[in-house]
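2 protein chains.
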Amino acid sequence: MILSLEDHYMTVEYDFLKACWGQPTERTPVWLMRQAGRYLPQYMEVRKNVTFLELCKTPELAAEVTIQPIDYLGADAAILFSDILTPVEPMGMELDFNPGPVFADPIRTKAQIDALRIPEMEEDVPYVLETIKILRREFEGRVPLIGFAGAPFTLACYMVEGKGSKDFAQIKRMMYAEPELFAALMEKVVEMDRQYLNAQIVAGAQAVQIFDTWGGIVSPVDFERFILPYVQKLINGLNRDGVPVIYFVKGSGAMLDLVKKAGSDVVGLDWYIGLNTAREILGDDVAVQGNLDPTVLYAPQPEIEAQVKRILDENAGRPGHIFNLGHGILPTVPPENARFMVECVHRLSQK
Amino acid sequence: MILSLEDHYMTVEYDFLKACWGQPTERTPVWLMRQAGRYLPQYMEVRKNVTFLELCKTPELAAEVTIQPIDYLGADAAILFSDILTPVEPMGMELDFNPGPVFADPIRTKAQIDALRIPEMEEDVPYVLETIKILRREFEGRVPLIGFAGAPFTLACYMVEGKGSKDFAQIKRMMYAEPELFAALMEKVVEMDRQYLNAQIVAGAQAVQIFDTWGGIVSPVDFERFILPYVQKLINGLNRDGVPVIYFVKGSGAMLDLVKKAGSDVVGLDWYIGLNTAREILGDDVAVQGNLDPTVLYAPQPEIEAQVKRILDENAGRPGHIFNLGHGILPTVPPENARFMVECVHRLSQK
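Just so you know, the protein sequences line up as chains A and B, in that order. Sequential numbering from 507 applies to the first sequence in the numbering used here. Sequential numbering from 507 applies to the second sequence in the numbering used here.
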């Protein structure tokens, strides 16, 4: 019997996907958030000829930098190279990088929200879907590919603040003083996110991660009121059959019970909480991903190894653990330390 | 019998101090971190004629702005107006504000650490002690005065990074790669902090708060290795007789068990954790301070009142709660909202 390409994918048992489903693996799978990035000289080589946005929008190049860390690090999963704001631009928001993302015209009024359109994914972000297709061919049987999107609240933060913020006064002002406006914006972003992630799944993404970088800036009570219902709606609207969903909220260690309620298959963890504490709160019916402090990659290798071992020990052999950093890899980390970390995870977790 | 001024102080029963000791009060005491600050027009009036450092170093003016929020807000405690870096400058580190604090020559070598001196408090920061003395006279029988210092780790962060940081790569590099260097720096800062806070207590501070703004940037395991021992040593070295110690670590909700081990009388809480959850972790033998999201002061007053009520409800009448924000008040908050918040705390907690 000759397997079609699709059948073949279905039969490969990737450690990463097994861990997402809470199944035991021979060794702990590992990847790094932002593993395609500036710490890699081979990335900088590609990046020097194009802007960041051009890189995101050129499938061959986006695919190339997605593959680099798989070749160099030996990571167990690849993540699409893109930016969380990529699908926000075609909603009608002019985007620039300077060097952080900047929206020229931040959302402040109902009229602006009404004017936002839901992109036609095949027409407005074809490069994202094309990159996924290229990568699935390239990775055939080698590693699974993770798609991703920014969580509704995190995207709304950027759209309302116009850029990164320290206090997030604008979005919170809207949340508290104009809750209908806030809700209208969130509903629109949820629908965009739903269609965007489903399009990625159709194109071939084998797992999806929802990044809620700013989901931890509110109190637990406000997370439950203003963030959780929208993430639940998003996750419920995904065509998840066989595609695990990872939800990562930075700074959520003291409200993981609420984060779990979002309904993802995997909960991403930052490094501000012990993995053992987190697993006790979360229970055995959800997998976890994390949670090394990214700055540990500046440490000498014996310290890196000790910290990897400590996290594996905290997990205590429970199935459903994907090793990762607690946030994106930092641009000035020595690449050999990242590679050493991956090697440590594999060696120390081998059964 | 005629009471001396000192006897008088001893006999006044301040709600704030009673709450620090875990004793019941008629109503919940409240103050706001950074309550003397830019959100107050009367502060800006004083500030327009002097630089920030000049204001810190001129006792009459520092006292004036310390008193302003007591008059305007009706807060139950005053906190000395100063900056956590004030005593670091006379250690031999040139300090500027631009607008955030900047050290011209960040600590990177053992020689630099050896060259740091422990200031003679009476000679090097006389204005701090003089401000405290003025305030004790001004506040006689009205409100207690809180002194404060930056925690050793937070001060070390500034000294090594040279300024605020996003990733704290420099201090963590030192922590992991040159632990002896890190330890030597921390020991020196602990000794400075100890003498500085004890001098404030001698001058008249009736409570002291240790601000660990950056104590939450590490994993729990690293907090226990690199931060906790030094805070314990500091707190053990204070002349605490009758003077409660408040320890506030921003971002520590998932490791409050470790924060408690520092040995303070009161644990300060940010807003990323429910007050009920925090009190369950901390137990009944330590008081808590917090924990309203500072951005709630941008909200309409009914929302402010609802959030105050929610926090009081979470505390459920347990003694040993001082109401506060979860971090400093923001400069653009309408002052009348801060005053309304204080009024809500008093009204809603009145027995």
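Treat each hint with caution, since some may be false.
Any copy, or any two copies together, can satisfy a pair, since identical chains are not distinguished.
Pairs of lysine to aspartate or glutamate, DMTMM-like flavour, derived with a Cα cap of 25 Å [claimed, not checked]: (1) Lys672 with Asp771; (2) Lys766 with Glu820; (3) Lys672 with Glu644; (4) Lys639 with Glu626; (5) Lys766 with Glu786; (6) Lys857 with Glu629; (7) Lys563 with Asp791; (8) Lys639 with Asp819; (9) Lys554 with Glu849; (10) Lys815 with Glu686; (11) Lys739 with Glu560; (12) Lys739 with Asp577; (13) Lys639 with Asp791.
FYI, nobody ran anything at the bench for these hints, they're computed from the structure.
Each hint, compared with the structure:
Within a single copy, Lys672 and Asp771 get their C-alpha atoms no closer than 31 Å, and across copies no closer than 30 Å, so neither meets the 25 Å cut-off. Taking the closest pair of Cα atoms, Lys766 and Glu820 come within 25 Å of each other both inside a single copy (20 Å) and across two copies (22 Å). Proximity of Lys672 and Glu644 under a CA criterion of 25 Å is satisfied in neither setting, with 40 Å inside one chain copy and 36 Å between copies. Only within a single protomer do Lys639 and Glu626 lie at most 25 Å apart by alpha-carbon distance; the minimum there is 18 Å, versus 68 Å between protomers.
Within a single copy, Lys766 and Glu786 get their C-alpha atoms as close as 12 Å, and across copies as close as 20 Å, so both meet the 25 Å cut-off. For the identical chains of this complex, Lys857 and Glu629 are neighbours neither inside a copy (47 Å) nor across copies (64 Å), given an alpha-carbon limit of 25 Å. Proximity of Lys563 and Asp791 under a CA criterion of 25 Å is satisfied in neither setting, with 38 Å inside one chain copy and 58 Å between copies. For the identical chains of this complex, Lys639 and Asp819 are neighbours neither inside a copy (38 Å) nor across copies (53 Å), given an alpha-carbon limit of 25 Å.
Taking the shortest alpha-carbon separations for Lys554 and Glu849, neither the intra-copy value of 29 Å nor the inter-copy value of 58 Å comes in at or below 25 Å. In the homo-oligomer, the alpha carbons of Lys815 and Glu686 lie at most 25 Å apart only across protomers (23 Å), although the nearest pairing inside one protomer, at 48 Å, exceeds that limit. With identical chains, the CA atoms of Lys739 and Glu560 are never at most 25 Å apart, being 32 Å at best within one copy and 54 Å at best between copies. For the homomeric pair Lys739 and Asp577, neither the shortest alpha-carbon distance inside one copy (37 Å) nor that between copies (48 Å) is at most 25 Å.
Proximity of Lys639 and Asp791 under a CA criterion of 25 Å is satisfied in neither setting, with 32 Å inside one chain copy and 59 Å between copies.
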